[in-house]
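Visitor: The opening position of the sequence shown corresponds to residue 1 in full-length UniProt numbering, with each subsequent residue numbered one higher.
Be aware that a few hints might be false.
[What the hints assert, rightly or not] Pair by pair, the computed Cβ-Cβ distance ranges are: (1) R52 to I8: 36 to 44 Å; (2) I37 to G10: 36 to 44 Å; (3) V41 to Q6: 17 to 25 Å; (4) V40 to F13: 38 to 46 Å; (5) V15 to A42: 14 to 22 Å; (6) I7 to V29: 27 to 35 Å; (7) A42 to F13: 37 to 45 Å; (8) E82 to L38: 46 to 54 Å; (9) I37 to N2: 20 to 28 Å.
Since the hints were derived computationally from the structure, they do not count as laboratory data. Glycine included, C-beta positions come from ideal geometry on N, C-alpha and C.
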Amino acid sequence: MNIFNQIIRGILFFVLAIFGMVMAFVFMVSTAIAVGILYVVARIKGRPFGVRAYWEERRSAAPRARGPVFHNKDVTDVEMREIH
């Protein structure tokens, strides 16, 4: 009976391992497709494709997109609560 349980556990482990590898493969393929689409869109729009170009674009657009967080530079009101 112990050998039978070990065989069943081994088969179950093997099936789960194969299922996990298939899921990982699907994830890798879908990620590659998404990166390919982003690359094609960037090429069509004439933009450079890469993390550095994206980061520089976001950093240069950030100050123009939003104003200062505080309108008055002298923030004096602070709320504190005690936690018991």
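Visitor: For every hint, state whether the structure bears it out.
Guide: Hints and how they fare:
Checked against the hint of 36 to 44 Å, the C-beta distance between R52 and I8 comes to roughly 52 Å, which is inconsistent with it. Hint check: I37 to G10, Cβ distance near 41 Å, so the stated range 36 to 44 Å holds. For V41 and Q6, the Cβ-Cβ distance of about 52 Å falls outside the hinted range of 17 to 25 Å, so the restraint is violated. In this structure the hint that V40 and F13 lie 38 to 46 Å apart at CB holds, the actual value being about 41 Å.
Checked against the hint of 14 to 22 Å, the C-beta distance between V15 and A42 comes to roughly 41 Å, which is inconsistent with it. For the hinted restraint 27 to 35 Å between I7 and V29, the CB-CB distance of approximately 33 Å keeps it satisfied. Hint check: A42 to F13, Cβ distance near 43 Å, so the stated range 37 to 45 Å holds. For E82 and L38, the hinted distance range of 46 to 54 Å is satisfied, since their beta carbons lie about 50 Å from each other.
The hinted range of 20 to 28 Å is not satisfied by I37 and N2, whose Cβ atoms lie roughly 53 Å apart.
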